[in-house]
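> Spelled out from the first residue to the last, the chains are:
Number of protein chains: 2
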Amino acid sequence: MLWTPDGVAEVRPLILMGHGGGQHKKAPGIVARARRFAAEYGFAVAAVDVPGHGDRPRSEEHNRIIAEMRTRAQTGGEQTPLLAGFHALLAGQTVPEWQAVLDAVQELDYVSAGPVGYWGMSMGCALGVPFIAAEPRIRAAVLGLNGAETSAEAAAQITVPVEFLVQWDDQWVPRAASLALFDLFASAEKTLHANPGKHGDLPVFELDSALRFFTRHLG
Amino acid sequence: MLWTPDGVAEVRPLILMGHGGGQHKKAPGIVARARRFAAEYGFAVAAVDVPGHGDRPRSEEHNRIIAEMRTRAQTGGEQTPLLAGFHALLAGQTVPEWQAVLDAVQELDYVSAGPVGYWGMSMGCALGVPFIAAEPRIRAAVLGLNGAETSAEAAAQITVPVEFLVQWDDQWVPRAASLALFDLFASAEKTLHANPGKHGDLPVFELDSALRFFTRHLG
Chain R
5 MLWTPDGVAE VRPLILMGHG GGQHKKAPGI VARARRFAAE YGFAVAAVDV
55 PGHGDRPRSE EHNRIIAEMR TRAQTGGEQT PLLAGFHALL AGQTVPEWQA
105 VLDAVQELDY VSAGPVGYWG MSMGCALGVP FIAAEPRIRA AVLGLNGAET
155 SAEAAAQITV PVEFLVQWDD QWVPRAASLA LFDLFASAEK TLHANPGKHG
205 DLPVFELDSA LRFFTRHLG
Chain X
5 MLWTPDGVAE VRPLILMGHG GGQHKKAPGI VARARRFAAE YGFAVAAVDV
55 PGHGDRPRSE EHNRIIAEMR TRAQTGGEQT PLLAGFHALL AGQTVPEWQA
105 VLDAVQELDY VSAGPVGYWG MSMGCALGVP FIAAEPRIRA AVLGLNGAET
155 SAEAAAQITV PVEFLVQWDD QWVPRAASLA LFDLFASAEK TLHANPGKHG
205 DLPVFELDSA LRFFTRHLG
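Protein chains in written order, with the working numbering: chain R, 5 to 223; chain X, 5 to 223.
Among the hints, erroneous ones may be present.
Copies of the same chain look alike in the list, so a pair counts if it works inside one copy or between any two.
[Unchecked claim] Restricting the straight-line Cα-Cα distance to at most 25 Å, the calculated cross-link-like pairs of lysine to any residue (SDA-like) are: (1) Lys202 / Ala36; (2) Lys202 / Ala192; (3) Lys202 / Leu183; (4) Lys29 / Val99; (5) Lys29 / Thr8; (6) Lys202 / Thr163; (7) Lys202 / Gln161; (8) Lys30 / Ala181; (9) Lys202 / Leu188; (10) Lys30 / Ala184; (11) Lys202 / Arg220; (12) Lys202 / Ala190; (13) Lys202 / His221.
Quick caveat, the hints were computed from the structure, so don't treat them as lab data.
On a predicted model such as this, the values are computed, not experimentally measured, just so you know.
If we strip away everything but chain R, and leave its shape as in the complex, we get (with noise of 0.2 Å):
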């Protein structure tokens, strides 16, 4: 999917939006976020299925670890590590995936071949940190609502300024993985947005702040 402001004709700063898990490149948050960046900022915005989601079929792995996850799920059972290693499984697939959008769209003349931003809660930033990490077009990043357990690694890596958003009452992210997740980035300019609420109650006045982010690092 990619969305542009109507009737624009110049060539303006693409973002690449990382749904969240279990949702897809059409989920009414992908979509309505993406309407905005486009309509009040010029932005293009570019998202894709990742692999297991939406259009995109499960492999059997992808079946044999959701089925764990379950099991775990209804037995009390640690959920961390499980999901640490299908995050890594993914990114695996979706970091070059994400790097062949990132050619593909930057070839039409409409959109800018510079500097890129990348937008990503939850599952999106589990996969956006090994993606930003390994991606030199991404220079500002806007990232939250996941723990330092799937991607520490990669994190240590991000040099980029960094918007981070941690809900205050997330019911599956402990705020200290957050936080712990907030320190290891490596970027000179990070700031950390908290607010009350659980891990869907994103507040719209974050929104905002993530437009004004991208319009200060991508010009």
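Given chain R, work out where chain X should sit, using these hints.
Chain X in isolation, oriented as in the chain R frame:
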């Protein structure tokens, strides 16, 4: 001190700024912020010297506590209980003084008699918390660089929107104490912004954020 924008005849919302420990109403940080608040966003900004600061003499009790804090600093003793006592002593004076300042400034025909904002870091946060808890005219506050020890009871009475700033490598305020103060606010809208750096290293973009926060809440 009262700052207002040049050549604007309209009635404008008031923001009271509380200065930090050892500073005063005309400290460079206060002046720079007040000028931007007035010039770029049209706020009226007031600042007064806290007792024992700027043009106001220290009492014998101030001198006794300050001497004891110096001694403990040299001997490595625990500063927090002394500082909490000092702030409580000062707040007993500043809360009614600041209420009188609002009374006086809001009588000016170019200052709005409506909602007022409060901005205070460090000691300005420690004294601001009991002030905001006591003063219903304050409807939005930017606070930070202070921990829970010196104003816990009053913090739990605050229900107005709060933007709370934490310096992640603050050499004076432990991170856990800052997070504990943020936790105490009873506000439905509260947002924590944490940035790398020491006590005095607030990034410039937080001033932009504070201005947007006040604009959103004071209209």
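> The structure should be examined with respect to each hint, and the outcome stated for every one.
Structure-based check of each hint:
no.	hint	result
1	Lys202 / Ala36	within (20 Å within a copy, 37 Å between copies)
2	Lys202 / Ala192	between (29 Å within a copy, 13 Å between copies)
3	Lys202 / Leu183	both (16 Å within a copy, 17 Å between copies)
4	Lys29 / Val99	within (16 Å within a copy, 53 Å between copies)
5	Lys29 / Thr8	within (15 Å within a copy, 49 Å between copies)
6	Lys202 / Thr163	between (29 Å within a copy, 19 Å between copies)
7	Lys202 / Gln161	between (29 Å within a copy, 23 Å between copies)
8	Lys30 / Ala181	neither (29 Å within a copy, 42 Å between copies)
9	Lys202 / Leu188	both (23 Å within a copy, 17 Å between copies)
10	Lys30 / Ala184	neither (31 Å within a copy, 39 Å between copies)
11	Lys202 / Arg220	between (28 Å within a copy, 23 Å between copies)
12	Lys202 / Ala190	between (27 Å within a copy, 16 Å between copies)
13	Lys202 / His221	between (29 Å within a copy, 23 Å between copies)
Violation of the numbered hints given earlier is confined to hints 8, 10; the remaining hints are satisfied by the structure.
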